[in-house]
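Based on the sequences and whatever the hints tell you, model everything.
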Amino acid sequence: MAPEGCALVTGAAGGIGAAVARALAADGWPVGVSYRSDAEGADRVASEIEDGGGRAVALAGDLRADDAADSLFAALEEHFGPVLVLVNNAGVRADGLSPQLADEQWEQVIDTNLSAAFRTTRRALGPMLRARFGRIVNVASVVGLRANAGQANYAASKAGLIGFTRTVAVEVARRGVTVNAVAPGFVETRLTEGAGNGIIDAIPARRVGTPEEVAACVRFLTSEAASYVTATTLTVDGGLSA
Amino acid sequence: MPTEAEVTTDRVEQVIFDGLAEVGADREQISRESTFEALEVDSLDLVEIAQIVEDEFGVELEGDDVKDLRNVGEVIDLVVARSS
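Protein chains in written order, with the numbering used here: chain A, 41 to 282; chain B, 62 to 145.
Rather than coming from a laboratory, the hints here were simulated on the basis of the structure.
Check before you lean on any hint, since a few could be wrong.
Unchecked claim - Sample of chain A residues with no beta-carbon within 12 Å of chain B, all distances over it, derived:
#1 54
#2 88
#3 140
#4 151
#5 189
To be verified - Some chain A residues close to chain B (C-beta under 7 Å, calculated; not the full set):
#6 166
#7 169
#8 170
A virtual CB, placed ideally from N, CA and C, is assigned to each residue, including glycine.
Encoded structure:
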């Protein structure tokens, strides 16, 4: 039985994050629906959860800011107690071939997809260690495992996230805290709009995935049933990375 | 967070002794003079002690703060100094 606490999902105003927030709420977790700019989307997700009998709160914050994680956690702890499930899902793309990538495109993607996950994880671990329970799931990408031209910044951020996942996992494993990643392939969300032209033929399943299919894997990794699963990256890609 | 007046050396000592026992140190062996090595307290245990100190006293101990500390009394003195 998991101790009293709550879940935080970053980038949860839509797409995979929203589906994860709904899935965790269905498991009984009060959920912090974190967002940067889409207040309407986050409010809608939180309302849907509450209408379904769950508990949720939408929380604004740009996780690229140094103190954003502290503010976000403090607000959520006040609402629902310690964060015992953290899903680092917030992510951006700024595609371009490497010779033409601007510093700003590089930094924006690394800061949001990788550095923000480090800061939220660092903030989450103390209370998880004390609770002798914690679940962290980082939403990586198959692009962190295999090349995709035009996404060097995104690939670096997601490969970094996978290495970060493994290392933190072994640091805290003996305290009942698990740290895993999921690596979605091509999933139909706003983030992937326009990115998958012609990709269907390369996917063995011959279709794109849904946010709910990724959320189901996150839900498993955050469950009691996954208590002995840590430091792994679960691909959710219809066989794309095989 | 407790008020400043409540952060006495005795109170800090009690919280840290309890915290050390919570992370697995033998309570009989815990004293101000005990080294972390003798108590078999490792770096992850110290992270947890830092979290306990933050929860109880609002004092943040970061990696650089504790890396050179060798015994329990040094941690107690640091927390008392930071909270005053």
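For each hint, the structure was consulted:
{"no.": "1", "hint": "54", "verdict": "33 Å, holds"}
{"no.": "2", "hint": "88", "verdict": "33 Å, holds"}
{"no.": "3", "hint": "140", "verdict": "39 Å, holds"}
{"no.": "4", "hint": "151", "verdict": "21 Å, holds"}
{"no.": "5", "hint": "189", "verdict": "39 Å, holds"}
{"no.": "6", "hint": "166", "verdict": "4 Å, holds"}
{"no.": "7", "hint": "169", "verdict": "5 Å, holds"}
{"no.": "8", "hint": "170", "verdict": "6 Å, holds"}
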